[in-house]
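Participant: The whole structure should be built from the sequences, with the hints applied where relevant.
Per full-length UniProt numbering, the sequence shown starts with residue 1, numbered consecutively.
Possibly wrong hints are sitting among the right ones.
[Said to hold, decoys possible] DSSO-like cross-link-like pairs, simulated, lysine-lysine; straight-line CA separation at most 27 angstroms: (1) K190 with K137; (2) K98 with K84; (3) K190 with K93; (4) K31 with K21.
Since the hints were made in silico from the structure, they are not lab data.
All figures in this text were calculated on a predicted structure; none of them were measured in a lab.
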Amino acid sequence: MTIKTLAIVPEQSGVKIAKNKIEIEKGKSFKYDAVYTNDTGLNLIYSDRFSSLTASAAIGINESFMQFTDGPDRSDIFRTTNSKVGFLEVAMKEIFQKFQPKHGKPEHIISVSMAQVTQSGELKDLGNPHDRPLSLKQNASYGTYIQGLSQIVCGVYQDVVRFYEDGCQLLSALKLSPILSMLVVRISNKPGGAADKGTISTFKFVNVFTEQRNFESVQDFLSSVAQKKGKVPEKVVASSNAMQLL
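Facilitator: Below is the structure:
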């Protein structure tokens with residue numbers, strides 16, 4: 001499975017950009033497949049990075065879109081508002097056109113989950129809040145996943161957009177201050193179908209909240225994502241939940 005990572009950085013965040021690297025503290029930089037500022041323009045970022053991925057999604061891809069943002073209520077390139085269409089909506093519209101055609105019997109299931117990592121390193125389910133414990137597990141195909149995280153099956157791309165909006169509003173309403181939040185979209189073959197191989201592709205839309213300035217707790221997380229490893233290094237696993245979510 002191909003693993004790629006894209007970083008989107010607001011110019012006012014204090015995170016420095018040098019080609020495909022970002023620097024969150026002096027002497028500590030991380031390399032990505034591509035780095036953009038959030039004023040680059042949705043169309044350019046989309047055409048440059050996402051439009052070619054839908055063909056690859058059928059054979060397996062693990063793509064992370066990492067956005068550095070000032071907080072849940074601030075500029076969010078993923079989010080659709082009254083004044084703009086977000087990156088997530090454009091991306092999901094294309095995904096659903098390919099994997100959930102209007103005509104013919106669908107061969108795939110598209111599901112969505114959303115989680116946050118709190119300042120104390122706890123994992124919380126934003127899609128279906130509950131008090132049950134969540135734990136991190138490893139999978140040989142797509143790396144680390146959260147066991148116990150709710151998955152909602154989506155029939156149309158608008159379901160994913162609404163799910164993300166509900167999660168963002170929950171963060172805002174509860175005045176939560178997470179280190180990061182993450183939306184996970186999974187494309188799976190239908191059980192018992194012609195190509196029943198479980199999850200074939202995963203797209204992660206990650207928000208790293210720079211307003212917290214808690215960079216010490218996310219440095220290894222950023223490093224592990226930037227390295228694009230299928231498995232999380234032991235030093236990362238031993239650190240905190242934020243560092244493990246590759």
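Participant: Quick one, are K190 and K93 close enough, alpha carbons at most 27 angstroms?
Facilitator: Within the cut-off at roughly 20 angstroms; holds.
Participant: Between K98 and K84, does the CA-CA distance stay at or below 27 angstroms?
Facilitator: Holds. K98 to K84 sits at ~24 angstroms (cutoff 27 angstroms).
Participant: Is the straight-line distance between the alpha-carbon of K190 and that of K137 27 angstroms or less?
Facilitator: holds, 23 angstroms
Participant: Compare the distance between the alpha carbons of K31 and K21 with 27 angstroms, and conclude whether the hinted pair is satisfied.
Facilitator: holds, 4 angstroms
In this structure, every one of the numbered hints holds.
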